[in-house]
Amino acid sequence: MSDIHNVAVLGFGTMGAGIVQVVAASGRPVTVLDTDQDRADAGLARLRAFLDGGVRRGKLTEAGRDELLDRVRPVTDLAALASCDLVIEAVTERADVKRDLLARVAAVVAGDALIVTNTSALSVTDLAGSVPNPGRVAGLHFFNPAPLMKVVEVVRALQSEPGVAERLSAFVEDLGKDPVVVKDRPGFLVNHLLLPYLNDVIAEYDAELASAEDIDTAMRLGLGYKLGPLELLDLIGLDVHEHATRSAYDATLDPRFAPPPLLRQMVAAGYHGDKNGQGFRTEKGNAQ
Amino acid sequence: MTSHDRTVAVLGAGTMGSGIATVAVRAGYRTLIHDLDDERVARGVQTVRGFLAKSAKLGKLTEDEAAAASARIEGTTALTDLAGAGVVIEAIFENLDAKRELFRELDGIVGKDTLFHTNTSTLSVTGIAAGSSLPERVVGTHYCNPAPLMKLVEVAGGRHTASWAHRATLEFLASVGKTTVVTKDRPGFIVNRFLIPWENSCIQALENGLGTKESIDAAVTGALGHPMGPFKLLDVVGMDIHQQVATRLYEQLRDPKFFPPPMVDRMVSAGDLGRKTGRGFYTYDDNRLFGS
Numbered sequence: 317m318s319d320i321h322n323v324a325v326l327g328f329g330t331m332g333a334g335i336v337q338v339v340a341a342s343g344r345p346v347t348v349l350d351t352d353q354d355r356a357d358a359g360l361a362r363l364r365a366f367l368d369g370g371v372r373r374g375k376l377t378e379a380g381r382d383e384l385l386d387r388v389r390p391v392t393d394l395a396a397l398a399s400c401d402l403v404i405e406a407v408t409e410r411a412d413v414k415r416d417l418l419a420r421v422a423a424v425v426a427g428d429a430l431i432v433t434n435t436s437a438l439s440v441t442d443l444a445g446s447v448p449n450p451g452r453v454a455g456l457h458f459f460n461p462a463p464l465m466k467v468v469e470v471v472r473a474l475q476s477e478p479g480v481a482e483r484l485s486a487f488v489e490d491l492g493k494d495p496v497v498v499k500d501r502p503g504f505l506v507n508h509l510l511l512p513y514l515n516d517v518i519a520e521y522d523a524e525l526a527s528a529e530d531i532d533t534a535m536r537l538g539l540g541y542k543l544g545p546l547e548l549l550d551l552i553g554l555d556v557h558e559h560a561t562r563s564a565y566d567a568t569l570d571p572r573f574a575p576p577p578l579l580r581q582m583v584a585a586g587y588h589g590d591k592n593g594q595g596f597r598t599e600k601g602n603a604q
Numbered sequence: 118m119t120s121h122d123r124t125v126a127v128l129g130a131g132t133m134g135s136g137i138a139t140v141a142v143r144a145g146y147r148t149l150i151h152d153l154d155d156e157r158v159a160r161g162v163q164t165v166r167g168f169l170a171k172s173a174k175l176g177k178l179t180e181d182e183a184a185a186a187s188a189r190i191e192g193t194t195a196l197t198d199l200a201g202a203g204v205v206i207e208a209i210f211e212n213l214d215a216k217r218e219l220f221r222e223l224d225g226i227v228g229k230d231t232l233f234h235t236n237t238s239t240l241s242v243t244g245i246a247a248g249s250s251l252p253e254r255v256v257g258t259h260y261c262n263p264a265p266l267m268k269l270v271e272v273a274g275g276r277h278t279a280s281w282a283h284r285a286t287l288e289f290l291a292s293v294g295k296t297t298v299v300t301k302d303r304p305g306f307i308v309n310r311f312l313i314p315w316e317n318s319c320i321q322a323l324e325n326g327l328g329t330k331e332s333i334d335a336a337v338t339g340a341l342g343h344p345m346g347p348f349k350l351l352d353v354v355g356m357d358i359h360q361q362v363a364t365r366l367y368e369q370l371r372d373p374k375f376f377p378p379p380m381v382d383r384m385v386s387a388g389d390l391g392r393k394t395g396r397g398f399y400t401y402d403d404n405r406l407f408g409s
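Chains as they are written, first to last, in the working numbering: chain A, 317 to 604; chain B, 118 to 409.
Fair warning: there could be bad hints in the mix.
As the list claims (entries may be wrong) - Just so you have them, the derived chain A footprint on chain B, three or more residues with Cβ under 8 Å:
no.	segment
1	307-315
2	329-343
What the hints assert, rightly or not - Computed list of lysine-lysine pairs in PhoX-like fashion (alpha-carbon distance at most 25 Å, straight line):
no.	chain 1	residue 1	chain 2	residue 2
3	A	K499	B	K374
4	A	K466	B	K330
5	B	K229	A	K499
6	A	K499	A	K466
None of these hints come from the bench; they were simulated from the model. It should be emphasised that the depicted structure is a prediction, and the values quoted were computed from it without experimental measurement. Where is the CB? At the ideal position from N, CA and C, for every residue including glycine.
Use the sequences and the hints to build the structure in full.
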């Protein structure tokens with residue numbers, strides 16, 4: 317059983333909304349902070365739309381949806397977070413923005429409240445440095461879409477006190493997910509493995525090993541993957557992948573993380589994958 | 118179709134050869150399976166018939182269909198018996214000289230329009246094709262193991278492969294119910310080209326303490342939706358096989374990401390090859406594969 321009862325989520329974007337849903341579904345009250353009322357309303361509308369989909373598919377009752385939404389409290393004032401046991405930061409992937417926000421949060425919440433970041437590309441250890449008492453900081457890396465993905469990486473920062481990862485793991489299990497405790501290394505565990513593989517595929521596709529469709533078909537049928545690598549890239553977003561792999565490259569200078577030239581060019585051309593209909597496997601803007 | 122078109126010859130009665138022969142007889146082709154001695158041939162024929170009998174028991178085929186397919190398989194140790202084959206599929210051990218020599222001998226036995234397929238996984242199709250005086254008829258067709266169950270075949274022409282041979286190969290593979298992808302004659306084709314560095318990097322992550330075998334398997338299956346984590350998969354594939362394939366790709370590509378990490382050598386030295394020896398990354402109470 318987890319000792320974490322009162323949760324705050326910072327940022328009501330895609331990841332934030334997904335995390336809010338997962339936490340609220342576990343019966344906990346969730347306070348969600350965003351910068352202004354419009355963004356908070358938009359996040360709540362996104363969450364409601366997602367839940368309505370669940371109601372239509374019979375996964376959730378209308379009463380269940382309403383109860384879940386009742387537990388969600390959008391706020392724009394940092395002071396509203398004062399009573400939280402756990403703060404999950406899920407704002408834009410910029411170190412300066414996150415560091416500034418975490419420092420301000422640390423000044424408001426209780427001294428023993430846990431502060432975690434959902435970053436996928438930045439160093440948790442580095443972000444922990446912005447908080448006066450960094451022993452209570454760790455990473456809690458949900459995968460997108462958070463309500464559907466079973467695994468959550470619990471990232472131990474260099475400063476994380478003993479016991480923090482265990483408390484977070486118990487919390488993750490309470491959410492019905494599988495915690496995997498990992499080191500604070502670029503890409504943690506999953507992206508550390510995934511980024512070089514995806515880069516390798518992009519480079520070989522650019523070198524005309526096979527068509528995008530045939531590469532995906534080979535990996536799906538040959539290895540039983542749910543998605544081929546290029547359709548996965550379109551789903552992740554080419555801009556998101558480019559940012560993640562560039563960050564890992566900057567942190568390691570390991571060439572396996574270097575963004576392949578075709579990826580850079582597709583991002584420069586504004587091809588972001590499924591979200592704007594231009595990617596490797598989309599009808600419009602097929603790379604070759 | 119002529120009887121010539123309806124006859125398939127499979128060279129090599131091992132796991133891949135008998136699996137491919139099963140695919141051919143199931144699709145209605147009279148199929149000859151060839152190996153060097155009677156014992157191996159008999160074992161290959163038995164493997165084909167055993168698979169078909171089990172398919173009937175599981176209701177995947179009717180008894181009549183299984184019996185008819187079983188009747189279409191025939192074994193031989195004489196290459197001259199393959200004279201009437203429309204398609205010859207080579208599935209012997211991974212040795213370039215042996216494969217070349219086989220195609221050279223077959224040149225004098227089969228018709229000029231007989232297709233030569235090689236199921237090589239790590240050698241160059243062009244290199245193997247050079248054994249035949251008609252390299253334009255040689256095409257790489259890489260099946261996945263177990264061939265009767267896996268839909269995918271990677272198709273790769275060599276430098277001299279003719280377009281008619283490529284086209285006829287795709288038609289043949291469609292006629293036996295396979296899904297084809299077209300790739301180039303490059304080491305590892307598509308699947309092994311990406312799988313080997315992936316497995317190597319997972320092994321390195323384990324050696325570097327980024328996770329345990331259990332946590333890495335759990336993270337990969339949970340976050341990426343793979344049916345098996347990297348270490349469960351390596352135990353099924355066999356560490357000796359992974360070592361061989363990785364080493365061959367490295368020798369051709371000279372890129373360190375293909376080179377098997379030291380842990381692979383240690384596990385092979387210790388005899389911890391995976392499920393087939395009862396111990397690999399995990400230990401097993403039995404050594405059954407694919408629930409057989």
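These are the hints, each one checked on the structure:
1. For the segment 307-315 of chain B, the stated coverage by chain A holds: 7 residues have a C-beta nearer than 8 Å to a C-beta of that chain, and at least 3 were required.
2. Figure legend: the segment 329-343 of chain B, annotated as covered by chain A; annotation consistent (10 residues with Cβ-Cβ distances under 8 Å, at least 3 required).
3. This hinted pair checks out: A:K499 and B:K374 have alpha carbons roughly 22 Å apart, not beyond 25 Å.
4. Taking the CA atoms of A:K466 and B:K330, the gap is about 18 Å. The hint holds against a cut of 25 Å.
5. Taken as a hint, the B:K229 and A:K499 pair is broken in the structure, with Cα atoms around 61 Å apart against an allowance of 25 Å.
6. Between the alpha carbons of A:K499 and A:K466 the distance comes to roughly 19 Å, so the proposed pair stays at or under 25 Å and holds.
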